[in-house]
Structure formats: structure tokens, C-alpha cells
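Quick note, the sequences are listed as chains A and B, same order. When you line the first sequence up against the working numbering, it's residues 175 to 520, in that order. When you line the second sequence up against the working numbering, it's residues 2 to 379, in that order.
Since the hints were made in silico from the structure, they are not lab data. As the structure is a computational prediction, the values presented were derived from the model and not from experiment. Among the hints, a few may not be true.
Rough simulated footprint, nothing fancy, chain A against chain B, three-plus residues with beta-carbon under 8 Å [unchecked claim]:
#, stretch
1, 72 to 84
2, 288 to 295
3, 334 to 346
Straight-line alpha carbon distances no greater than 27 Å define the calculated DSSO-like cross-link-like pairs of lysine-lysine that follow [unchecked claim]:
#, chain 1, residue 1, chain 2, residue 2
4, B, 58, A, 380
5, A, 329, A, 294
6, A, 294, B, 58
Note that the Cβ used here is the ideal one computed from N, Cα and C, for glycine as well.
Letter by letter, the chains look like this.
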Amino acid sequence: MFKKVLSLLMVSVFILTLAVGCGAGGQNDTGENEDKVKIAMVTDVGGVNDQSFNQSAWEGLQRAEEELGIEVSYLESNQDADYIPNLETLLDANNDLIWGIGYKMGNAILEAAKQNPDQKYAIIDYAYEDTPDNLVGVVFKAEQPSFLVGYIAGKMTETGKVGFVGGIKSAVIDGFDYGFHAGVKYANPDVEIIRQYAESFTDSAKGKAIATNMFQNGADIVFHAAGAVGDGVIEAAKEQGKYAIGVDRDQNYLAPDNVITSAMKRVDNAMFNMAKELKEGNFPGGQTVVYGLKEGGVDIAPTTSKHVPADILEEVEELKQKIIDGEIVVPFNEETYNEFISENIK
Amino acid sequence: MKTKLKLKEKLFSGNLGFTLFSIVIGFVVGAIVLLIAGFNPLEAYSVMISGVFSRPKYISWTIIYATPIIITGLSVAFAFRTGLFNIGAEGQYIIGSLVATAIGYFLKLPPVIHFIFVFITAALAAGLWGAIAGYLKAKFGVHEVIATIMLNWIALYLNNYFVMLEGFKRPQSETSYEIQNTASITILENWKYSDVGREWLSNYPILKDILAAPVNLGFLIAILLAILVWYILNKTTLGYELRAVGFNRHAAEYGGINVEKSMVISMFIAGALAGIAGALQVTGVTKSVAILAAMEGYGFDGIAVSLIGSNTAFGSIFSGLLFGMLKYGGPKIQPFLRAPSEVVNIVIGTIVFFVAIPKFIRMLGSLMNKKRGEKNVG
């Protein structure tokens, strides 16, 4: 018996050795087109199919591959401790630009940029006080589309109650939270808003439980800014026949009859634009790039017209213009929200 | 004496060969999965293997990945040998890393002493956390699997609660402040990034490459712990008593061993081990704890590590290294082949499955045998 096992083992080892030999040959072939621009991204723990900003980022890179002929790849992180080794793996793969997706990677990217001054880095959702020359921070004014969807919710609610489901409290999620609150109150100061945080970006069952609870307490529209938790929120709206508002991408396809609009953060546009600028040699190193309504970096979903009446949409368009012109400054945290309320709502 | 000889035989002939064979089968089935998904398995495995061995830095990283799961593996193995199934290594790990970060950040002590203090407090805290499950089992007959699963979640949310507290949470982030340098066990941490260090290291490229990863003392401590676990289990009265309870609690009780006390002690030691894993990860690699959106899996990986290592102390070291290789090298397939992580995880899972399944079947077999034996006694 043991002899048999041993011989089998030897054969397998032999095959495996063969495999390594062949594989090495294959790798050399890919090294030929070195003049091609290479961009890679590291996702945060949400993974590349999170229906949210990681997926959006990857879509942006895929578009860059199609339209600009850039070589793109991604690497997913399973836990926070993976960020640094993942960034290093991509560094060793000779990429021209390495992206970190999500503010959780803020420190890992900064460290990497400091240690490898010749490598270009960029990060979504993080602004540094002092950005090194080989690093770009990209941030979105998430409060602006949140304000607009909040306005729609405030106008469309029939029960006078709407809900907000957040992921884990942070500066980025605060933007969604208070932007939405301000929008609802701007539309109708009497509407009550129920707010709850899921303390997770991945637990969709929890999102469903929270949203179901909100619907049963009389809310008829729930907005979420919680990554994959939001899948559960939309699921709950579908089951209860109520409305949900999506986030980051146009999430109408998840429940065409229930997702009335989405607060879109065009991470894909930002990724694509950066790829273009890199290819043209205009990498904005050392800066923080801000995407708002004005820059086309945030918006409400194009499918909004399916469910939202035309007159409300018109008002939303006017509001959009006012935000772009700076007439309305949308609050993004508790402090600015309180100011906004005392100034705008009697 | 007879059984001892048998064990030895198993370890050196059948068992080891069996394990290696299972690993190979796992790789072969993983290759079939890759083929079905439309990827070249030869290319995938070569990327993985060169991603682990082709540079000294990669080997450093593999060891760093292996260190915490070796120790959580020890924790699970220790409990298992004493008849307890410690699913709570995950929660004990979280408690250990949380306490290590708190002590490492708030206290100001001289180097070495600071680390030792961090080490001991983290081990104590996580040990007590584990002992809760042991106490519940001993006093009220609550099954330790249920108790430790519940305690995992309590630990997770406790961690999130404390990390959110003002004064501990670093502003504009989801993580706590970093521990003081005096508590760090990363080798030459400051020196290697200083100007002198950089200059000196540029003359020794291999050494520079090794140090490019946060190389730390954790692995050495893991080996020492494995020796300690082996010693306690096999060479002390305490270990004898604990194992006796594991083999047959009624017989042990009849033989005059305090079964209840044994259970609490066993879970305390298992918990302390898992907590040490967390403390070493904090002091060696991460330097802080973050808000956890989900379990990170160090404790759960420990169950697989322990299983592959036949629930022995030294087996855990090797299976932990294998697991570290899979965990560090596996995802490297992704950027090269554009394989989705699901495929990568299926391959890793298949390998673990085939390694663990024969052990598992054998273990079930031995449990059944024991049950039958008990019946005969009754």
C-alpha cells in the first residue's frame, strides 16, 4: 500500500514540476508588450462583485481597456491585513499605476507611496493633508446626489416616514447620511427620518432585517449607503412592495419596480479619466481630485424617470443647477447639517 | 505502551504519506476546477508557486501569513486533544488582538518589558474568554461549540465598540491608534527605513528583500509555543489529566481527576493560545485593530490547520505553513489570469477538503469506536 502511494506521489510531483516548467514559458510571452500602459487595482474587503464602488471601479478600468487599450487587472482583499502584501504583489508586476479602492486602504497606500517614490498610486475616497508627488487622492461629493434622492424621497413619501440604512459610521458615509437628511427636510420639513447603521458592509441579511423593520414601522422609502448590506434593503423593499433607493451604481436592475432612483458615485468615470490622463502623461500627482455634480462625478440614476413623476424631476433638475452654481451648499456632516437646517428650514 | 507505539507508527508511515497524497489529490482536483472555469491550471499553479518561492520577500510574507494560523491551529489542536472542540479561536483571537493593541498603545513602558506585558495580558484576557466556555460546559453542560460560536460574535462587536471609542480610534479612519514602538516585535523596524539602514541594505539585496516584509519574531514564538504545547500534553501530569478527560471523561472521573476543573483549564489554555496569535499579529504586523465588518477567519483557519496537522503540535507548524502558502500565493493568480477570487478560493478549498476529509473520516471512525466501547462498558 505504502509503495503504491509513494509511486503515485512521485508521478504527481513529476507532473507538477512539468507544470512549473511550462507555466514559466507562458509568462515570458506576456512580457513582450511592455510599452502598453498597465493599471491595476486592489479592492477592499467587499470584493470586486460588491454591486457597489469596487465593481464600479473595475467597470471603469474595463472601459479603459476597451477604449484606450490599457492593460488592466485587479486583486481582491479578504481581510485588512491583505492590503499591504496585495499592493506589493501589484508593485512587483510592473504596473504603471496602482489603485486602492476605498478609504480603508488610506494608510496602506500612503505607506506604499512613501516607500516606492517611483511608483504611481491613486486612491478612491481618501484625501490626504499632505499628498506625496506620486499619489493622487480622489474624493466624491456623495452628499450632493444624496441630497437629490433625499429630495425625491421627501416629495414622494405617502406615509411621511422614510428610512436611512448606513454601513459603518465614517466620514464618507456621513456624506450620504446628512446629504440625504438635508434633501428630505428641504423637500418637506415634516417628514420623519428613521436612521440605523448595520455596523457592516457585507451582511445583507442584516440589511434586510433592518429595512423590513423600517417598512413595518411605517416608512415607505428607504435609502441605503452600506455596500452589500444594501442588497438586503432592496430585497426587503421587493418583498414588502415598498420603495428603495440605491447607491453608488444604478441599482434599478436589482428590483426594477422598487428601486426608484440611485445616488450614483461615478467611480468608473474617475477611474477612466485617470487612465486617460495617465496615458496622455498628465498624471495629477500630489493632488486631491474632487468629483461633484459639476465635474460629472456624481449624479442620480438615469432610470429615475421610470418611477418619479415629471414635475418632481424638473424640480430636481433645478436643484442640481443650484448646487452646481453654489446657491445650495449641501451639508456633509452633523455640524454643517445643523447649520443648513437652521438657515434653510423655518 | 501499546497504543503509544501504534500512534508513532501511524505518524511516521501511513499518516504522513496519506496527508501528502491528499495534498496532491487536492491540487489535481483544483486543476480540474480551474480547467472547467476556463483557466490554464499549469499557468495558475506556476504563478502560485513562483509567487511563494521566487523571492526571499515572498517567503517572508508566507511565514508572516502562516504565523497566526499556526498558533490558532495549536489552540484548536490543544482543545481537541482534551476532548473539546474550540470553534471560539476566532473570538479569542479578536480579544487577544484588542487587548494587545490597548495595552500596546496606552501604556508607556521600556522596550522588551512592554512587549512581554502586552503578551501576558493578551494571553490572560483571551484565556479567560475561552475559560467562559469551559466553565459553562463544566457547570451547566452547555456544549462548547454553541458557547464559543456565541462568544465569537460577542468578541467581534466588543471589538467594534472599543475601536469606535474616542481616544482609541484614529480620526478619519476605521482603525485604532497604533501601538507604541516599544511593544513592537518587528525586526529592525525603524532602522530599515532610516537613511543609514537603507544605504547599508542596498549592499545586501537579499537581506533587503527579506526585510521588505514586516519580518517579526512571531514565527519563532510560534515554534516555541508548539514545543510548549507538546510538552504540556505529553510530559506533564496536567497534560495527562487533560488528555484522560478527552479520551473518556467518565473513566477520568473514576480515576480521580477533577473533570470540571480540567475543562476550564483546557479552554483557558486554548483561549490563551488563540489570544497570543492575535497579540503577535498586532505587535508584529498590523500594529492596530480595525472595525471588523466580518470575521477575519484566523480562528476558523486554525481549525483546518489543526485538522491537517492531525491535531498535533508539530503537525500544526507544517500545515500552518502550507496554509500560509495557499493564502498568500493563491490570490496571486488573480492579476495574472484574471481569475475571479471565487475560483481561487474553490481551488484552495478543494485542497484543504481533500487533506482534511480522510482525517475527518478517520476521526469519526475513532469516535464511533469509542462510542461502541462505552456502550459495552455500560
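Taking the hints in turn, this is what the structure says about them:
no.: 1; hint: 72 to 84; result: violated (count 0)
no.: 2; hint: 288 to 295; result: holds (count 4)
no.: 3; hint: 334 to 346; result: holds (count 6)
no.: 4; hint: B:58 - A:380; result: violated (40 Å)
no.: 5; hint: A:329 - A:294; result: violated (45 Å)
no.: 6; hint: A:294 - B:58; result: holds (21 Å)
When each numbered hint is compared with the structure, violations occur for hints 1, 4, 5.
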